[in-house]
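These protein sequences, in sequence, are chains X and C. The numbering of the first sequence is our numbering, which starts it at 1 and goes up by one. The numbering of the second sequence is our numbering, which starts it at 1001 and goes up by one.
The hints are simulated quantities; they were obtained by calculation from the structure and are not laboratory data. Heads up, a few of these hints could be off.
Pairs of lysine-lysine, DSSO-like flavour, derived with a Cα cap of 27 Å [what the hints assert, rightly or not]:
| id | chain 1 | residue 1 | chain 2 | residue 2 |
| --- | --- | --- | --- | --- |
| 1 | C | Lys1124 | C | Lys1237 |
| 2 | X | Lys119 | X | Lys94 |
| 3 | X | Lys35 | C | Lys1124 |
| 4 | X | Lys159 | C | Lys1154 |
| 5 | X | Lys92 | C | Lys1154 |
| 6 | X | Lys92 | X | Lys115 |
| 7 | X | Lys94 | X | Lys115 |
| 8 | C | Lys1124 | C | Lys1227 |
| 9 | C | Lys1227 | X | Lys214 |
| 10 | X | Lys94 | X | Lys159 |
| 11 | X | Lys291 | X | Lys214 |
| 12 | X | Lys159 | X | Lys92 |
| 13 | C | Lys1124 | C | Lys1002 |
| 14 | X | Lys94 | C | Lys1124 |
| 15 | X | Lys119 | X | Lys92 |
| 16 | C | Lys1237 | C | Lys1227 |
| 17 | C | Lys1124 | X | Lys34 |
| 18 | C | Lys1124 | X | Lys37 |
| 19 | C | Lys1183 | C | Lys1154 |
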Amino acid sequence: MSSDTKTKKIETSNITNEKTKIDSPTRVAFRRLKKSKMSMVSLVVIALFIIMAIFAPFITPVGYNDLNMTGNEISANLVTFQIDEDSFVLYKLKDHSFHAITEDARYIERVDPLKRNRKERYNVYDFNGAEVIMDYTNARDVGFPIVTIDGQAVSMERKWNRSNILGTDNLGRDVYTRIVYGARISLSVGLVAVAIRVFLGILIGSLAGYYGGKIDNVLMRFADMVMCFPQLLIIITIIVIVGPSIFNVMIVLGILGWPGIARIVRGQILSLREQEFMEAAEAIGLSDFRKIFRHLLPNIMASVVVFATIGIAGAILTEAALSFLGLGVQPPTPSWGNMIQAARSIYVLQRQWWLWVPPGLAIFITVMSFNILGDGLRDALDPKLKK
Amino acid sequence: MKNYLIRRLIQTLPVLLGITIIVFTLANAAPGNPTSNMMDPTMTAAERARILERFGMNQSVTVRYVNWLREIVFHRNLGHSTTFIVPVSQVIGEHMWNTFYLSAVALAISLLIGIPAGVISATKQYSIRDGSLTIFSLIGISMPSFFFGLLLIKWFAIDRQFLPMAGMSQPGMIDVGGLDYIKNVAWHTVLPAIVLGLGSTAGFMRYTRSSMLEVIRQDYIRTARAKGLGEKVVIYKHALRNAMIPIITLLGFWIPGLFSGAFIVESIFAWPGMGTIGLRAISDRDYSLLMGVSFFLSFLTLLGNLTADILYGFADPRIKYD
Chain X
1 MSSDTKTKKI ETSNITNEKT KIDSPTRVAF RRLKKSKMSM VSLVVIALFI
51 IMAIFAPFIT PVGYNDLNMT GNEISANLVT FQIDEDSFVL YKLKDHSFHA
101 ITEDARYIER VDPLKRNRKE RYNVYDFNGA EVIMDYTNAR DVGFPIVTID
151 GQAVSMERKW NRSNILGTDN LGRDVYTRIV YGARISLSVG LVAVAIRVFL
201 GILIGSLAGY YGGKIDNVLM RFADMVMCFP QLLIIITIIV IVGPSIFNVM
251 IVLGILGWPG IARIVRGQIL SLREQEFMEA AEAIGLSDFR KIFRHLLPNI
301 MASVVVFATI GIAGAILTEA ALSFLGLGVQ PPTPSWGNMI QAARSIYVLQ
351 RQWWLWVPPG LAIFITVMSF NILGDGLRDA LDPKLKK
Chain C
1001 MKNYLIRRLI QTLPVLLGIT IIVFTLANAA PGNPTSNMMD PTMTAAERAR
1051 ILERFGMNQS VTVRYVNWLR EIVFHRNLGH STTFIVPVSQ VIGEHMWNTF
1101 YLSAVALAIS LLIGIPAGVI SATKQYSIRD GSLTIFSLIG ISMPSFFFGL
1151 LLIKWFAIDR QFLPMAGMSQ PGMIDVGGLD YIKNVAWHTV LPAIVLGLGS
1201 TAGFMRYTRS SMLEVIRQDY IRTARAKGLG EKVVIYKHAL RNAMIPIITL
1251 LGFWIPGLFS GAFIVESIFA WPGMGTIGLR AISDRDYSLL MGVSFFLSFL
1301 TLLGNLTADI LYGFADPRIK YD
């Protein structure tokens, strides 16, 4: 007698007495989930992020810590000028420099000027004998300099960066590569933290719900206690004590997050253990362990799955916030949260969107996908909504 | 009811005690102690011992814990902050109202927007309005507050220079006082309150929606309609009142969320509140301040849950307490 057949029987007796083959609850849920377009889209997005995380080295050719001190802080959207038939340059606002690029906007190297005049704010370059003057007097206001070749003004052209599609950071590292590797951190923190939560939550919740009485009282008061702490403060305190690292963040997030799941598990077990199938289990003399793990828990996995999915979203958000505050993943390891730290500088906030907007969007999209999937699962697994 | 109140209060005590133990243990597990900064390597063992003795650090952990607890209970003394060089209670007292103020504004925003939006969403289920509100609420719960805060700072404070970027008022404004000062603070509150309120607005919206959906399917709503009551009366008087009951519990649980949110928001907007001093305590290893802040915030949370439980009893006469 497996629990599966038991749930099936409950379903059949509750819903219909049709003679057609009855699908397992899991199959029914999947069918319902497939009908929700939003959930399917979010599932695909999550799958893409997971693939990105696992196959990071194959997705991006460079390493996440490859420095390039001359080609640093290059934008994703370049200001370029065509000097002659086959020389193109990009202009970097930060230090008013020219960098040679190919025609299709691939980075080559920095071009050193012949002469710099900082006082009157222009540089003079020599390109195959032609005298190029870059006048950056108003560049901060308009975003580009005035460039003349032998006295002839040339027009500026915007091009998308082809060698670093999301530009480079202050150490010349490829932002796109760091986002790809950052997915590893965010997803693994989310998954591991929630796995710990689910394990502890189920263990404590089922013990409290099944045995009731004093055990229940003590365990649930303990859950109250853990829930009372302002999570972030206590996480930060523990992180300060044990030291910031990705493993500590995972463990702390896991250990502090179980009361939610424990409450749900306990509540459901309290009502389930009064049902007839548990009387039957009692009658055939099953052990407590078997009753809890084979008969009670399979019946509450649906709510646990929903809660865990939404929990992953929360854990990813918390990890990002911790890394943003400098208490999570430590540089040079990239995480989406610590990449946004760059935006603590007003200059970056104002002019270097490619450094902090993409990681922010990555967090947002991932978290949103898990939330949508969680909602979709909740609807799909809700026994009150039939078919 | 009276019995329930008393029992609930008694139940709270061990939780509170447990919180003090955890807070104390954590602060003691941290490297160093309040006297570490006062010693230098040239001191003799006797001098070190004297310092330890003066601050009671030579006693066992249990004795120190009991002393700490006794000071809190009888003298409301949370110790001395090494960063601010004043008693911890004074530091908390100076900063807590800033956080309460910010949280209250954020909470007001989220209730005023979240609940009506949830009601509209539920009564017009599957309409375009419901769809867009649902998407908005999903965005609200998924948006990392620090990222949202930075975006708003960029759009409104840097690019448009329309709203102030950080702080609670312009430097010097507090001396001006009067209406100008109030206006200045209100102006500074706009961005942080929006950022802090976004998540809870979305949360209240979602809970109100699902709670309303459940209620409007009930028989008594059908009865109310059958009696010929107007739709507005049915929804806002009969349905909403019942749908609000679970929201009360939610309010109790929302308090720790608001405080956690305040940590990040205050850090981005340099808001002089509990979050800022909490982070300051951590970076400066000011453990008595850290203990004080954690204990105080946990205490408030516990109080919030307790109040929510009691209000729940008043709001829902169907609940019988034995």
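Taking the hints in turn, this is what the structure says about them:
1. Using a Cα cut-off of 27 Å, the hinted pair Lys1124 of chain C and Lys1237 of chain C holds, with the two alpha carbons roughly 17 Å apart.
2. Among the hinted pairs, Lys119 of chain X with Lys94 of chain X is consistent with the structure: their alpha-carbon atoms are about 17 Å apart, no more than 27 Å.
3. The hinted pair formed by Lys35 of chain X and Lys1124 of chain C meets the criterion: a straight-line CA distance of about 21 Å does not exceed 27 Å.
4. Pair hint Lys159 of chain X plus Lys1154 of chain C holds up; C-alpha atoms about 24 Å apart against a cutoff of 27 Å.
5. Of the supplied pair hints, the one linking Lys92 of chain X and Lys1154 of chain C holds, its CA atoms being roughly 21 Å apart against a limit of 27 Å.
6. Between Lys92 of chain X and Lys115 of chain X the alpha-carbon distance is near 17 Å, which keeps this suggested pair within the 27 Å criterion.
7. Simply put, Lys94 of chain X and Lys115 of chain X have alpha-carbon atoms about 18 Å apart, close enough for the 27 Å limit, and the pair holds.
8. Distance restraint check for Lys1124 of chain C and Lys1227 of chain C: the Cα-Cα separation of roughly 22 Å lies within the 27 Å cut-off, and the hinted pair is therefore satisfied.
9. This hinted pair does not check out: Lys1227 of chain C and Lys214 of chain X have alpha carbons roughly 49 Å apart, beyond 27 Å.
10. With a C-alpha separation of about 18 Å, the suggested pair Lys94 of chain X and Lys159 of chain X falls inside the 27 Å cut-off, and the hint holds.
11. Between Lys291 of chain X and Lys214 of chain X, the direct Cα distance comes to roughly 20 Å. Compliance with the 27 Å bound is thereby established for this hinted pair.
12. For the hint linking Lys159 of chain X to Lys92 of chain X, the alpha-carbon distance of about 13 Å falls within 27 Å, and the restraint holds.
13. Of the supplied pair hints, the one linking Lys1124 of chain C and Lys1002 of chain C is violated, its CA atoms being roughly 41 Å apart against a limit of 27 Å.
14. The suggested pairing of Lys94 of chain X with Lys1124 of chain C is violated, with an alpha-carbon distance near 52 Å, which exceeds 27 Å.
15. The straight-line distance between the Cα atoms of Lys119 of chain X and Lys92 of chain X is roughly 19 Å, inside the 27 Å bound, and the hint therefore holds.
16. Pair hint Lys1237 of chain C plus Lys1227 of chain C holds up; C-alpha atoms about 14 Å apart against a cutoff of 27 Å.
17. Between Lys1124 of chain C and Lys34 of chain X the CA atoms are separated by roughly 24 Å; this keeps the pair inside 27 Å, and the hint holds.
18. Between the alpha carbons of Lys1124 of chain C and Lys37 of chain X the distance comes to roughly 20 Å, so the proposed pair stays at or under 27 Å and holds.
19. The suggested pairing of Lys1183 of chain C with Lys1154 of chain C holds, with an alpha-carbon distance near 22 Å, which does not exceed 27 Å.
Taken one by one, the earlier hints fail for this structure at numbers 9, 13, 14, listed in ascending order.
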